[in-house]
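**Student:** Single-letter residue listing:
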Amino acid sequence: MFDPTITPRIFGEPCGVDYAKGLVTGLMARAQHMPPEDFARVEIYVNTARMQRRIRAMFDDGPALLLPRIRLVTDLARDPISKDVPPAVAPLHRRLELSQLVAQLLESEPDLAPRAALYDLSDSLASLMDEMQGEGVSPDAIAKLDVSDQSGHWARAQKFLTIIAQFFDTTTQPDTEARQRLVIETLAARWADAPPDHPVIVAGSTGSRGATALFMQAVARLPQGAIVLPGYDTDLPDTVWSAMDDGLTHEDHPQYRFKRLMDLIGFAPADVARWSDLAPQRPARNRLVSLSLRPAPVTSQWLQEGPDLGCLIAATEGLTLLEAASPRAEAEAIALRLRQAVDEGITAALISPDRMLTRQVTAALDRWDIKPDDSAGVPLQLSPPGRLLRHVADLFGTQLTGEALLILLKHPLCHSSNNDRGDHLRLTHDLELQLRRYGPPFPTADTLLKWAGARADRQPWAQWVAELVTGLDTVGDKHLTDHLDAHLTLAESFCAGPALSGAGGLWAEAAGREAQRICTDMRTYADAGGIMSPRDYAALFGKILSAGVVRDRDAGHPQILIWGTLEARVQGADLTILGGMNDGVWPEAPAPDPWLNRMMRAQAGLLLPERRVGLSAHDYQQAVAGREVWITRAKRSSDAETIPSRWVNRLTNLLGGLPDQNGPEALRQMQARGAAWLAMAAKLSAPVADVAKVKRPAPCPPVAARPDQFSVTQIKTLIRDPYAIYARKVLRLDPLDPLTPSADAPLRGVIIHKILEEFIRHQHAPDDLDTLLAIAARHFAEKCPWPTHRAQWMARFALAADAFCKAEVGRHALSDTRLVEQEGKLVIPGVEVTLTCKADRLDLTPDGTAILYDYKTGTMPTKPQQEKFDKQLLLEVAMVEHGGFEDVGPVQVTEAQFIGIKPDAKTVPAPMKDSPTDTTMAGMIALLQHWKQADSGYTARYALFSKNDLGSYDHLSRFGEWDSSDPAQPQVLT
Amino acid sequence: MIRDDATQRQVDAANPQISTWLAANAGSGKTRVLTDRVARLLLEDVSPQNILCLTYTKAAAAEMQNRLFKRLGDWAMMQDDALRANLRQLGVDRAIDADQLRAARTLFARAIETPGGLKIQTIHSFCASVLRRFPLEAGVSPQFREMEDRAAQLLRADVMDQLVQGAASGVVHRMLRHFSGDDLAKLTAEVARHKDAFLQDMDRADICRTLDLDPAMTVQTLVLRVLDADAIAAIRQLQQICATGSNHATYKTADKLRICWLPIA
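First to last, the sequence lines map onto chains E and X. Numbering of the first sequence is given in this note's numbering, commencing with residue 1 and proceeding in unit increments. Numbering of the second sequence is given in this note's numbering, commencing with residue 1001 and proceeding in unit increments.
Rather than coming from a laboratory, the hints here were simulated on the basis of the structure. Bear in mind that the values here come from a model prediction, so they are computed numbers and not experimental data. Take these hints with a grain of salt, some might be off.
With a straight-line Cα cutoff of 16 angstroms, these simulated EDC-like cross-link-like pairs (lysine to aspartate or glutamate) come out [what the hints assert, rightly or not]:
(1) X:K1119 / E:E588
(2) X:K1058 / E:D457
(3) E:K159 / X:D1099
(4) X:K1058 / E:D639
With the Cβ distance kept under 7 angstroms, some of the chain E side facing chain X (calculated, not the full set) [claimed, not checked]:
(5) A117
(6) R646
(7) S946
Looking from chain X toward chain E, a few residues come up when the C-beta cut is under 10 angstroms (computed) [said to hold, decoys possible]:
(8) A1062
(9) E1063
(10) Q1065
(11) D1074
(12) M1078
(13) E1113
(14) G1116
(15) R1133
(16) Q1153
(17) L1163
(18) R1225
(19) A1229
Note that the Cβ used here is the ideal one computed from N, Cα and C, for glycine as well.
If we strip away everything but chain E, and leave its shape as in the complex, we get (with noise of 0.2 angstroms):
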């Protein structure tokens, strides 16, 4: 194919030129007297999958013949090229083994570094450890490195590092990076031996990796051999190929690769010849470009090479410069010039590192029902089957709560093995509401037999769930391959159903064959691990499983692409859109390195944090020279304003500074086009409709509709916030039990009347301390399973115990009979409503009357809120009075008190003197006439104590949209 020449052959395609298009058609060209096996001998070296599936593409679209062997330089790491290269060794395999040893190490030294990082230090050595076999830098290199100014922190490092040092014999089984290496040393000595004749090309990559520039620099010696380079720059003068000398300063240049490589294989710039002779789409903004990404040294020329670009307007032709005022306004807008793309027939491609826009844009093309076609896929952790192992392993080692059974339960793949989830949905949710009503807050297998009782649909469903749910809590430190075992089984069972084998729907489906090839890998090299807690094998397997992607690859949109930085060498698209160009995001801010500086990074060979930066401005520069492209970035995010990015920064102030060229007036046209298209998102996003704010509810039911039934205690809600009785009583809506409970007031209030109630019904002599105190501590075991929770409030409780038996001599001389949790009911006179109570304690004296006694926990009623609002105790002693209490007639009440259960057991009588029995009577029977009015309205929030304070139905009058001091608006219902 090629005429002999002592030079190595390199070829280039400049920016803005459909890579693989111009691949193929230089190759046809070439070819052109060929015979067709020669043809099919050619070998293609390529850098990624993509690019080998679009220079497939392109030979599709072409003449039928024999094509050529496109191959990815990395395959070579699995190429079997000869016995003495042993097969390389599964990184999840290594990656335990050095676990492990960190581990040993970390148990001899324990001040070296936290248990915990065990993971996290093994992950960071073993890329150091891949990124020093790629680049071929050996463990003695890095141990005889100049430290003398950081010996500290340098010898914790080196007992780290000698660690790793006994990877790097490669005659044993060598890792993926050192074998591609050791693959690619052979071949080139068997080259230099006996070449091949037919064409050997490398093609769409910079050499960046020691391994690739390795193979480049074998493939250009060779007779046949050619080397072309993607996104050349042709517009780069001699004399700046000739200054970037310096690694250390000049890495983030984007030429600086094949500088590099230009000192390694050989070659002068003048020597790249062109390889197709397709032009490139916008020649004139690659002058442009290319000038705006001059290295530092020799940006002080902007000012006299400015001039020789022309008239800029004409350069940024087909440029669109987009500066939303958020992240949200720059997905908007993006989607919106996608929209149009589609509607146009064009391909567009939104290039962007920034996962974060890429998903908001996905999220707002799904409004025209576009699936955009997403290079990058949806992490394995976030699908079906991923959540659903995540959440099983959760389950190890710690209590069971009604939360996580009830996510597992209702997960989609749980129960899915036949079609019948009807039945299992229908449980599941009668389970919930007997976890939200009753608790208890941490189920175990008995609550859920008791739960199914006798019933016979419920049986055998809750002893499937009962079995599984069994000793999960005990699990304890066991080995990765146990963890595993009992994980994935458990996983299954979760999803087979009961009495049922297999594993359901969970392998099934993309998402589950990615998810059932990394459990099968780790099951293969689970040896490897060590003993661990449940915890670290949750946080192990949430790791190993991020790493899966699952991508559908027929499933998006063929006209809307997205990509990762990497694709944009791959072109091929219409309209590219640079998303997220901010400075952090596009280039990443390098992440810093825990091992090695700069400057001994630089010293041993090894990679610069700047090469990531330069390899990202070589992808820039190559998606900037499409025909349309946009650049776009958010002004500001969350929290502060952001930074452009570099380039973006450097080309606007280029253009700003060159107003004899229309410069600023080419900077302006570029962000007005952008501005255009913000305006018109942001008109997508105004509302359309107003929705008029809700007024004050007071909602007038008709009287055959209003509640006759009241507990004394909710006479304070009728009063205080009547919307509260309309909703429960009416509308005969309750607020629904959370499914977690919190140890709160409320149930520290119930226990604490429990307790006082079995302590006086069992008549112990009122200054038994012990007993009270033992009683207080079962109930407490109980029904309060948060320990710290239980610890606390028992202490709470042994303070105020003492206090409120010393008070208690004095109760007991002052009755003989005590009566608890006696129920009452009265029918008031002339509203017909009755009244319904349940006194805490009725003490009966000797002398025919009665006293009146509740325990309070919280705060107690003051004396003007007992007159006005909180009349619990006054309607509880005209309910005596009147006879409501059967087992007691009608008494006379002396004394009626509320107790506080403190410490200072400071007790509240009721007001019985200023609001006796008869006035009481009549307030009531005024009250409830007046809400047996067909024209009363039950107003929200009428009368509360604070205007702070929360009502549970404050959401279903939509308080918010009107406040406290908006007017009521009456609604007669009929």
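Dock chain X against chain E, hints included.
**Tutor:** Same frame as chain E, but now just chain X:
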């Protein structure tokens, strides 16, 4: 060059050769002085990697960086005369030749392409980056994440649960006898915040020494130091009068005055 007072003060404050403490009202140009100072440092050939600016808020950091880049970017595209005037105004009083003008024009790209980024950041992010670079010394994982308040709260509640059920439950129960509040979470948060202070063991003698007290002091000796014999006699008299009073309030006062640590007269 003649400048007015305010501008001269700004120029003086921006002189990178002297350490400066600057206090000024809002809107008087403090950020501008900082930006000028960084610009002058860069003009003196200081490597951008060796400059660190710390701010309190992310907004301030971003604003300062943007302003600095705008200033340097303007210089990159200015003609010689305009650039010279600009530098004079900044406070560069020495002679500026063509080489220096050229160097000034390259500052924009040099600052933008600083390896590791030009360090204008919040104190939080600076500390986080130091921790990430030296995780072994800091005793953290190299891939640590900063814990949110809510996660910290849940973690502390978990730890308390384990303490209550574990070997230290006796200590917890003793503490709870004195704890009368509702929410243990606030107390545990305070303890965790001052964890270092709790690590040192202090006995009574140490505490007295820290508070500058005599270890042999008792309540009685303190009372005798504060009240003289006349005052004590007056209190006793008052207590006796209140005890024979007719009002419920005076009974309570008498009770309170029956202070058992009053020394026997």
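**Student:** Hints first: check each against the structure and report whether it holds.
**Tutor:** For each hint, the structure was consulted:
1. In summary, the hint linking X:K1119 to E:E588 is supported, as the alpha carbons are separated by about 15 angstroms, within the 16 angstroms threshold.
2. Between X:K1058 and E:D457, the direct Cα distance comes to roughly 60 angstroms. Violation of the 16 angstroms bound is thereby established for this hinted pair.
3. A threshold of 16 angstroms between alpha carbons decides the hint, and for E:K159 with X:D1099 the separation of about 49 angstroms lies outside it, so the pair is violated.
4. Pair hint X:K1058 plus E:D639 holds up; C-alpha atoms about 7 angstroms apart against a cutoff of 16 angstroms.
5. Interface restraint check: E:A117 against chain X, minimum CB-CB distance 3 angstroms, threshold 7 angstroms, status holds.
6. Checking E:R646 against chain X: minimum C-beta separation of about 4 angstroms stays under 7 angstroms; hint holds.
7. Look at E:S946: its Cβ only gets to about 18 angstroms from chain X, farther than 7 angstroms, so that hint breaks.
8. Because the closest C-beta pair between X:A1062 and chain E is about 4 angstroms apart, less than 10 angstroms, the hint holds.
9. Because the smallest distance between the Cβ of X:E1063 and any Cβ of chain E comes to about 6 angstroms, under 10 angstroms, the interface hint for this residue holds.
10. Below 10 angstroms, beta-carbon pairs count as interface contacts, and X:Q1065 has one with chain E at about 5 angstroms; its hint therefore holds.
11. Interface hint at X:D1074: satisfied, since its Cβ lies 8 angstroms from the closest Cβ of chain E, which is below the 10 angstroms cut-off.
12. Satisfaction of the interface hint for X:M1078 is found here, the shortest Cβ-Cβ separation to chain E being roughly 8 angstroms, below the 10 angstroms cut-off.
13. Against a cut-off of 10 angstroms between C-beta atoms, the interface hint on X:E1113 holds, since the closest Cβ of chain E lies about 5 angstroms away.
14. Against a cut-off of 10 angstroms between C-beta atoms, the interface hint on X:G1116 holds, since the closest Cβ of chain E lies about 6 angstroms away.
15. A distance limit of 10 angstroms between C-beta atoms decides the matter here; for X:R1133 the minimum to chain E is near 5 angstroms, and the interface restraint holds.
16. Hint on X:Q1153 is violated. Least Cβ distance to chain E is approximately 13 angstroms, over the 10 angstroms limit.
17. Proximity of X:L1163 to chain E holds as hinted, the smallest CB-CB distance being about 8 angstroms (cut-off 10 angstroms).
18. For X:R1225, the suggested interface contact is broken, since its CB lies about 32 angstroms from the closest CB of chain E, more than 10 angstroms.
19. A hinted interface residue such as X:A1229 counts as satisfied when its beta carbon comes closer than 10 angstroms to some beta carbon of chain E; here the least separation is about 35 angstroms, so the hint is violated.
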